[in-house]
Structure formats: C-alpha cells, structure tokens
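*Asks:* Below are the chains, spelled out letter by letter.
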Amino acid sequence: MGKNMLKRIDLIFKNEHDTDEILSKIFKRSNDDLINDLIGSGLKGRGGAGFPTGLKWKLTSEAKDDEKYVICNADEGEPGTFKDREILTQVPHKVLTGMAVCGRIIGAKKGFIYLRGEYNFLKPHLNEEIDKFHAILKKLGSDFRIEIFSGSGAYICGEESSLMESMEGKRGEPRNKPPFPTEKGYLGKPTVINNVETLAHAWTIFKYGPKKFRDLGVQDSRGSKLFSVSGDTPIAGIYELELGMSLQDFVDDFGDDDCKAVQVGGAAGFCVPRKKFRETAIGYQGKLTGISLPTGGSMMLFNSSRSMYNVLKNYLEFFEEESCGQCTPCRVGCQQLLEGIEAVKRGEKHQHYLNKLLRLSETMKMTAKCGLGQSVANSFSSIVENFREEMIY
Amino acid sequence: MSKMVNLKINGIDVSVEAGTTILEAAEKLKIKIPVLCYHKDLCIAGNCRVCVVEVVGSRKLVAACATPVNEGLEILTNSLLVRNARKDIIELLLSEHNADCTKCYRNGNCELQDLAAEYKITNQDFIDLAHGTYTIDDLSPSIVKDDSRCIRCQRCVRTCTELQSVGALSVAHKGSEMKISTFFDRNIREVVCTNCGQCVIHCPTGALVEKTYIERVWDAIADPTKHVVVQTATAVRIGLGEELELDAGSRVTGKMVSALKRLGFDSVLDTDFTADLTIMEEGTELLHRLKANLVEGDTSEPLPLTTSCSPGWVKFFEHTFPDMLDHMSTCKSPQQMFGALAKTYFAKKIEVDPENMVSVSIMPCTAKKYEADRPEMRDSGQKDVDYVLTTRELAVMIKQAGIQFSDLPEEKYDSIMGQSTGAAVIFGATGGVMEAALRTAYEIVTGREVPFENLNITPVRGLEGVREASVKIENVLPDWKFLEGAELKCCVAHGLANARKVMEKVQNKEVEYHFIEIMACPGGCLGGGGQPIPTNDEIRKKRMDAIYEEDANMTLRKSHENPEVVQIYKEFLGEPLGKESHKLLHTEYFERQRY
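Residue numbers (our numbering), protein chains in the order written: chain A, -16 to 376; chain B, 66 to 660.
Calculated directly from the structure, the hints in this document are not laboratory data.
For every residue, glycine included, the Cβ atom is placed at its ideal position computed from N, Cα and C.
Among these hints, one or two may not hold up.
Now the in silico label distances, taken between C-beta atoms and shown as ranges [what the hints assert, rightly or not]:
{"no.": "1", "chain 1": "B", "residue 1": "T167", "chain 2": "A", "residue 2": "N338", "range": "29 to 37 Å"}
{"no.": "2", "chain 1": "A", "residue 1": "D48", "chain 2": "B", "residue 2": "S67", "range": "18 to 26 Å"}
{"no.": "3", "chain 1": "B", "residue 1": "M69", "chain 2": "A", "residue 2": "D48", "range": "20 to 28 Å"}
{"no.": "4", "chain 1": "B", "residue 1": "G76", "chain 2": "A", "residue 2": "Q268", "range": "28 to 36 Å"}
{"no.": "5", "chain 1": "A", "residue 1": "K121", "chain 2": "B", "residue 2": "Q658", "range": "44 to 52 Å"}
The following block holds chain A by itself, in its conformation from the complex:
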C-alpha cells in the first residue's frame, strides 16, 4: 500500500499565479491557433463523458449567433467525487482563465460557474477571485464577465441540459438531444459547458503547449486526471495521475491489500471485481482492446468486509431519489431494480428474477433520455454480474 508505483503528476495544483502574463500572451494568439493547441493536446471532458474539448469549442465558435455563453459545470454531485471543490479552493484562477479564453474563442461575453448548492461556502472566496480576475481582464481590454449561479441540490442538474434548464429558472430536467449545447444551450444560445477540471487543464495546455499534456496518458486517453480516492484505502484523497493506468497498479498503490472491488466512476460507474483488475484500464473507451473504463474521478475501493449488496442498495436508493423522474426507464427502472434486489434478498422473488432485472438494466441503458439515465444501471449490472451470490444469500 502507498507504494507510489504510479507517477504523481503535479500540474493542476501547481502553484502558479501568473494569470496576467499568461492571459496577455494567449490573447495575442489567433483563435485557430488556440483551438489547434487544444485539439492537439487530446484533452477530453473530465466530467466523465469524455467529449473532445477542442472540438466542442470549435463547434461552438462556428455556430452563428450574437450571443453565446461559457458555463463551468461545478455541480460536483457524483457520489465519491470531490476534486472540483479542491480545484475551486486552491486554483480558481486557472478555471477562470480557461473560461475567459473559451469566451474569447467562441465569442461569448458571459460565463457562469454553476456551483453545487452544497458548495455555497466557497462563494465568498470565489467571488473575490472573480473580482481580481475581472480586473485583469479589464486591463487586457476584455469585457468578458463571470458570474456564479448556485444550484439547489438536485443531482440531475449536473447533466448539462438539466443544468441549463435549471439556470433558466425551470425544473431541472434533461432536454432532448439534438440539439446539443454547442448549437442551442443556455437560453437557446450556443454554449460551451465544461467540467471544472477540464477548464483547469486548459491553463496547462495554453501555458506549456499541447505536447506536455499529450505526452501523458495513452492513446485516446491523453493527459493527467484528478482522482478522488475513497473507501477502504489508507490514503484517501485527491491525486493527479496519468490516464491509462491499469486498475491493478492503482489498487496496488492505493488499496489496503484486501481490496475486492473498485467502483470506477461513482454510483453511475462500473464495479470491477478483483479478478478483472489486471485487464481493466482507466481511461476513455478507445480503439485498443480490453476494458477501458471512463471516470469523472471517483474511485471507491471496497475490501472483503464490505457487502456488495449493501453497496448496490445504497447506490440504487440514491438513484431512486435523484432520478429527475421524467423518463420511464430511469424513474420506474430505478425503483424496480431497488425493490427487486430487496425482494430477492428476502426470498420473495426467485434468484432468476435477477436475470429479468439484468435485462431491464440493458433496456435502461439503451432507452433512457439522458446520460444519467443511461448510466444508472451500470453499477447494478456490474455488481450483480460479478457478485451474484452476495445478492442472493
């Protein structure tokens, strides 16, 4: 444990405060040049979905509209992730810089930080930073402005289109896609919405060039990433690591020598049992063979003292409450999965009922309206498939 086998990266939290200098250099470069750097870096969305950031900015810059917006998604609500809070505490100026550069490139004058309601304690500090940042922008002749929007505690509002609905004063419910935010986002205007960490990485890429970032990680999963490590580990915390690591190496480094499963990507992610640690890599789904699991950063380790039934029940209780309730597969599906495993455990339903629920989980993944609804069943299927006996006995 704590063997330090995996290289610790120090980019995000690196103590750099040369915002003026960096911004004035960036502002002298052309938009195309900047976008090419971003695309060249291979940076993908750090919220978990992994959409190429450079492409997102490019598409939005090409959308024709007088009004556009930049949104920083700081609705960090996935169980087991707590890295964005730390970024906003330690290096908010990097995030603000990312937003301002994005605004310049796409032609937006306004940026919002959608701050999770539970993070309201960060507001005074953030507002101070925003004021300082605005002063720098003013000096550089930019009228880009950033504002904080406080969320109200719904998990679903971390989903980008629900987040925008919520900002528009409506009920936080996912929209139909297409159209995507790059075309019709906040107030129906082209919008770039990025995770906090993604924007912070933009700082590194613009400051040091795309190569430094690209040299980290593996094919299709470039760069470093923050991981929120929790559960049965002696060294819980936030770590910046290279993408592409094998789960075995991760467990060797962070586990307590008794790790039986890792939940990768939070409650909406996948559970990997010990026997699959070696064949599983952490990164975006790519062309390489083998299992590659994406994550927004949440890594939960479970040792043999844990009941995977309880773990799953806990996740399902969370989703049963946090589904927005709009679409059938997610609203009713979550209830059926939860009540289903309880009924099997109590012996009221035969263990074969788990097969029916597994089929249901496939239907949920294929038919739910939003990314959340499509992923709520991931933990169910991966835990039931790998720890079936724990569900029954």
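Place chain B on chain A using the hints.
*Replies:* Positioned in the frame of chain A, the structure of chain B alone reads:
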C-alpha cells in the same frame, strides 16, 4: 423548399424534408410507431420512451418522436432489440400504474390499455409500485384527478402551460416521488384551474377525467315527480357521433334529439335558442357601449367588449386580468341563460312547478359543470342548471340504454326554446360568436345584411390562433348616425395562451379593438374539454366543417330572425338589456387570486 434527406426505415427508402422527426418520416410510410407522451397539439417531450427505435450502428435506441432524421440513417422500428425494450417500458409503466382497468373511468378508451393489449402484456413480473397510497382529488365540480392512474407523460402539464398558459398543473418532486401536482398540492378546486378540461382530453389514461353526473341524471329521469328538461349545446351535435362509432364531423342533431327522448327526458330543448338570445343581448350591449364610449364619452363600460360564453375563459380572466373585469360582457353564457329561463319562462309555459323541474345540459365542456355551480347562477330562485353532462357522458347514457344510435330516426326539438338559427349553430366554432354578432349588429345599424357572400364572414373563420377582422359601417339608419363610416375592429382568439396574448396587448394599449371573441379551448367549443377523445387539429377541422355545413343548411341564419326569440321578448323579457333580461340573463364577475 427545404433540403430533402434520404433514409431507410425497415428497409424502405423514404425522402423527407430536413428537420422531420423519425416518427413523422415513419408516418409517411404508414409505419406506426407507438407513442404515449407525444400529442400533435403539444411540444415534444420524449419522456415516455415508448417510441424508441433502433438506429443501425448505434448502441442506444432513440425516441422517434424527438429525433430528427439524418441523411443515410437506417432505422428499424420492429427489431428484436426494439420490441424487447418497448415491452420492458410498457411493463414498467404498468407496474407504477393502477392497472385495475375495470374500475377505471377510461376503461375502453385508454392509450396505455391499448398498448398493453397490442403487446399482449399478460405477465406481471415487475413489482407492483402502485401501492394504492395515491390520492384522488374529486373536490372540483369538473375534473377528477387520480394519481394512481398517472403515467407521468406530462401531456396535461404541457397542455395547461403551453396551450392554455394557465399553469395549474406542474411537475413536483423527483425520482420515485415525482408527480403531477398543483400549487402546494392543493385541490384542483382551489387553484387557478379554469376547469377547461383540456388536460382531460389530452390525458392518455384515466388520471384526469371529468366529474360525472350520469347517475344523478338517471335518478332524476326515473323520478316521476320530476320534469327533466335537457338542453344541448351546439358542438355536441357534431361531436357525439365520434363516441358512437361514426366518423369525425358527422352531423347527428336529429338522431341526438331522438336519443334524448328515448332516454326519457321530458323536454328536449336547444341551447342554441339561448345562443340566439345571447346575440340579441350581447349585440345590443356592444352597440350600447360603442355609443357610450364614442358619443357620450362615458368609459365606465369600456371597449373592447369581450365575450363571456366560455366559462373557462371567464375564470381565467378573473384570475389573470382582475383589473379589467369591466371589459367582459355581462351576458351569461347560453347555458346559464337557458337555465334561468327554463325554471321561469318555460316552467310557467308548461305549467310545471320549478321546484319539480330538473334542468340538465349536455355540453362539449367541463367548465360548464363548474359554471352551473357558481353561486350567482341561481337567478330563477333555484340552481338554474342542475346537472351538466359532457358529450362523452351523453354517449355513455345512450350506450347504457341499449340504443342503436346510427339506426335512430331524425327528430325535432320540442317547442318552445327549441328553435334556433345558423347563427347559434356556429357558436360551436371559434369565430362563431363574432360572426353571429356581426350578422345581427350590422343589420340593426344599417338595415342591411352583412356585406359577405351568403352571410359567411370568412375572415373570422379558421383555426389560426388569433384572427383580426374589421367591418366598415356605411349608410347607417338614422338612430346610428354616430357609427357612419366607422370601422368596427374585431379580434378572435381561441386557446387561453392566445387569449392571454391578445388581452396583454389590450392591457398595454397596443391594439384598439371594439369587440373580442375568446373561447378557452383550441378550436372553440368543438374542441372543448368535454368532447370525444382524441381531439386534434385534423379532427377539429372536420368538426368545424360540419358546423358551417349545419349553418349553411338552416333556413334561418340570423339570431334576430328566430321567431321564438322574437316571441320571448314580446311575451316575457321586453327588450334586450331590459329589466327582466338584466335579472335573468346577465351576471357579474369577481376578482380571483392567482394563488
């Protein structure tokens, strides 16, 4: 012309305009994709997921209603993947739905039931989530809301918000607690609900239904001491057929009268009679207001004058524009005029003690149930209208009585208060009251018929949400000199969202109208909340054509020529806006809170 996109659905090539959804493209090929949350009247929600289809090459299924086509797409609407997923979704919906169909008001006309039957969902493997802990709100005089039947498709919410801009229904809570609710979950009776019933005709299941009074009417008919009078609104005669296996737009006036007589009603009369009377009163009121405002400078009864026959609209107005109530015509609706006269004039004529009279009306409307319940609607000394049934409820009674509707002979309404004109018939369509009023008012002022071919004032007809028209008044009779050369500016709106738009413009003085007709329901009464389900624009159009056909076939087409109307003024009412009229045919309005 916009760009065409080529795709394949179930292997068949189809070319559609860019922006078309997969559902629409499939429709073009006559391939049916099942839907629940989708309704042609409403914006796309894409939340029930019943319409999912497979896009070849994609891991996910997509909602056909919400996904626009792309060049080269290959869609499968009936692959194994689709069928299994769709079946799962229907099963999920049934698991949270109180599927005790035999105890449901919509049994036999339910989209979820149809779908379950189509997919032969005979198993109930999933755990029953409709634990029976849901509440039923049946305190409203018009609408019953049963949450255990709700499938959360939000059609009602979209109807109430978009179509009607009322916002009485909205989504509350999340996850498993998510439900359709009202302001702080109060009873429908206590919130801004206008009782229009559009939610009822847009609900795919039995979650929102009309409050039924069928049994009370049967009781009254069976009571030998009671004389049961029935009146039928104009839109019923062009809607009823649809509930009794006839095509949309069938005109069934004679058969309906015949059926009502067989059901045992003692007097079968026509709301159209009081529709003609409404024109006499409201037309006179308009002319009176024009004179007061334009000549005498008296603005105590301001212009524009708005119609008041639609009780959903009236309540909406009371909630939304409480400082503009004096714009609304003081005329009661034809139903309530009829009720007041039935228990006075008519009772006297047929020598029945009004206390032994039961007054029933058949309406295309749920708000009429509420209207009859308004405390001020007791000018006869009793409740003027005792029970209001919708078109749908009448069809139920006809079926219960074992009447073969399509075989019935055509019969005529009883007299008196059974005669009407084409002007009254068109009350059932948006623009109809305006047209009827113009036919009469123009003639009163000029002594000539309105200058439109065959009296058809086509500019005020149609399904366009807001329509404007102006009529130039020339060569007037001596009494109306002040109107010489004037241009009467009229506006017609239907659906409360359109009504709101128009009235906000009036409020902000952006428009100068003299007369505004507003009907709460899209299409007017023909699309009322009490009409057959389904109702959509295609069906509204057919019902509308039937109404104008009925008008064109009448011998009398102007309200002031209705001999029974002439008679009632001579024998009973005196003159329009006279003392007796004022007592029985006019009413007042009250400021209502938004919350």
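*Asks:* Next, verify each hint and record whether it holds.
*Replies:* Consistency of the hints with the structure:
Take T167(B) and N338(A): their Cβ atoms lie about 32 Å apart, and the range 29 to 37 Å holds. Checking the proposed 18 to 26 Å range against D48(A) and S67(B) shows it holds: the Cβ atoms sit about 20 Å from each other. Restraint check, M69(B) to D48(A): a C-beta distance of roughly 26 Å satisfies the suggested window 20 to 28 Å. At about 30 Å, the CB distance of G76(B) to Q268(A) agrees with the hint of 28 to 36 Å.
For the pair K121(A) and Q658(B), the supplied restraint of 44 to 52 Å holds, since their beta-carbon distance comes to about 48 Å.
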